[in-house]
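S.K.: Sequence order for the protein chains is V and B.
Quick note: to get my numbering, add 4 to the position in the first sequence (first position is 1).
Quick note: to get my numbering, add 1023 to the position in the second sequence (first position is 1).
Source of the hints: derived by calculation from the structure; they are not laboratory data.
Treat the hints with care, since some could be wrong.
Ranges of calculated distance between the beta carbons of each label pair, as one might list FRET restraints [what the hints assert, rightly or not]: (1) V:T13 <-> B:E1273: 53 to 59 Å; (2) B:G1078 <-> V:S150: 51 to 57 Å; (3) B:F1076 <-> V:K96: 31 to 37 Å; (4) B:P1260 <-> V:T13: 25 to 31 Å; (5) B:D1037 <-> V:H113: 39 to 45 Å; (6) V:G159 <-> B:D1037: 47 to 53 Å; (7) V:K10 <-> B:K1280: 55 to 61 Å; (8) B:V1275 <-> V:E153: 53 to 59 Å; (9) V:Q15 <-> B:N1262: 40 to 46 Å; (10) B:N1277 <-> V:K97: 49 to 55 Å; (11) B:I1029 <-> V:D16: 38 to 44 Å.
The structure displayed is predicted, hence computed values, not measured ones.
Every residue gets a Cβ at the ideal spot worked out from N, C-alpha and C, and that includes glycine.
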Amino acid sequence: MRFFSKIDTEQDLIAACQKGKTSAQRLLYDKHSKKMFGICLRYMGNAFEAEDVLVMAFTRIFEHIGSYKHEGSFEGWIRKIVVNEALGQLRKKGRVHFEELETADYNGHFDVQTDRLGADELMQLIKKLPDGYRTVFSMYAIEGYSHQEIADKLGISEGTSKSQLNRARAQLKEAIEALENRDQLFFSTSTNSH
Amino acid sequence: MTKQNIHIDRLFKDKLSHHEVAPSSKAWERIQGSKTSRGWLWWLLPLLLLGGFVGYRSMVLVSHSPMDKAAVLAHEPKGWGTQATNVIAEPKDTEVRTNTSKVFEDNHLNPMNTPKEKAQSTSEANVKSIQSKNTKQFAKRRSQSKSKAANASILADASLDMIGSVAVSEPISSPIDSAVGLSEKTNAGSAIRFADENSETSNAPRFKVSVNLGQAGSAEESAERLPIDPKYMKEAPKNPFVRAFQKVSEWVKNWRK
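Next comes chain V alone, as it looks inside the complex (with noise of 0.2 Å):
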């Protein structure tokens, strides 16, 4: 006889947490929820409202998880509901302004040079961006929405989207050459005293 069920697989998981069973909810949460923190840290810019965010899309997912059809990956279901529930935050607490901005001066490249600019630096370089900037960056080239689905999601339109976007890349590329330079002037001042 089988008391304990044994749970080997993703499959086995989302089973075993569509039975509601606490031990097989804590496992898909560890499992996850790194990564989703990571996502509501870089769309809240704070670890106090991305928490709230985590626990709320997480409640969510425990919730509705008996409605995931198996269709796609689950980790994109889960990112899904993560990156909603942010965007459902932001728009409640009216964080998120959005200015029509001129796209015609921003469409520039945006290719920088690095290589030592890690995930750390760089989350704190989209925390320093506006709430506005940094959503529809965040949609756009990490998540991968296209400017149809934000202006749909964020209620803007496709332009506002567009020059919100390169309004974020102009000054993000601004600040890893700010880093850069800073970094080169360290490095040539070292090997200079050497």
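Guided by the hints, dock chain B onto chain V, whose structure is given.
M.R.: Okay, now just chain B, sitting in the frame of chain V:
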């Protein structure tokens, strides 16, 4: 050291799309806490509904006027078990006629001419049909449990031509009560009298309607019974869940007493 030339979108996507940051240990506790608190809501909702229903029923039962009580007693449905309605007519009133009908007849007028009269007549017809139905129903049950109810009231079919107001009055002893074994004690508190509006001053024939509550209950119990809300004076619902809910509400009501 050579620097790579990379698009800014690509740089952030590569570095941050799988970036992991550990949340605080309280996050899981909060998730568990929110699940527990929502679980309570599912228990709270039916309790609130039940409490609201019982409270509403209590309010409705308390707020009835004497007119409503009489109407309710006359409209008691079948299947409610604890109460029964009997209609007894005095022997001398076998041919009951009211002032109004007599006046109409004398003047060769159709009493159904005015909307008011029509509505009144319809109401009377409803009362009569329900009384007749209840009487037959009671007779059926009465015959089935005759051996158990020694002090039960008798049944007398009465074709009543009722018009005018209905008022609660003191029990009126009549020859038929003693003839059928219905004592004043068992009848106390449950007698009502149907009479014409001007019955005290006119010569219109009068009749008495006695409503006997219960088959074998004491007079005190009969007097304490409250009427049933007229909106529930219908056939017993066919839905078993609704019937069960009504049974529970009845039980709660009795328990409160």
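S.K.: Should the hint that G159 of chain V and D1037 of chain B are 47 to 53 Å apart at their CB atoms be regarded as holding?
M.R.: Given a distance of about 30 Å, which is not inside 47 to 53 Å, the answer is violated.
S.K.: If you check the beta carbons of I1029 of chain B and D16 of chain V, does the distance land in 38 to 44 Å?
M.R.: The hinted range 38 to 44 Å holds for I1029 of chain B and D16 of chain V, with Cβ atoms some 40 Å apart.
S.K.: Does the Cβ pair N1277 of chain B, K97 of chain V satisfy 49 to 55 Å?
M.R.: The hinted range 49 to 55 Å holds for N1277 of chain B and K97 of chain V, with Cβ atoms some 53 Å apart.
S.K.: Is the gap between the beta carbons of Q15 of chain V and N1262 of chain B within 40 to 46 Å?
M.R.: holds (42 Å)
S.K.: If I claimed the Cβ atoms of P1260 of chain B and T13 of chain V lie 25 to 31 Å apart, would that claim hold in this structure?
M.R.: violated (51 Å)
S.K.: I want to verify a distance hint. Is the separation of the beta carbons of T13 of chain V and E1273 of chain B within 53 to 59 Å?
M.R.: Given a distance of about 54 Å, which is inside 53 to 59 Å, the answer is holds.
S.K.: Taking the beta carbons of D1037 of chain B and H113 of chain V, is their distance inside 39 to 45 Å?
M.R.: Violated, at about 18 Å.
S.K.: For the hint 53 to 59 Å, verify it against the beta carbon of V1275 of chain B and that of E153 of chain V.
M.R.: holds (55 Å)
S.K.: Check the following: the C-beta atoms of K10 of chain V and K1280 of chain B are separated by a distance inside 55 to 61 Å.
M.R.: holds (57 Å)
S.K.: With 51 to 57 Å as the target window, see if G1078 of chain B and S150 of chain V comply at their CB atoms.
M.R.: This hint holds: roughly 55 Å between Cβ atoms.
S.K.: How does the Cβ-Cβ distance of F1076 of chain B and K96 of chain V compare with 31 to 37 Å: does it lie in that range?
M.R.: About 36 Å separates the Cβ atoms of F1076 of chain B and K96 of chain V, which means 31 to 37 Å holds.
Checked against the numbered hints above, the structure violates hints 4, 5 and 6; every other hint is satisfied.
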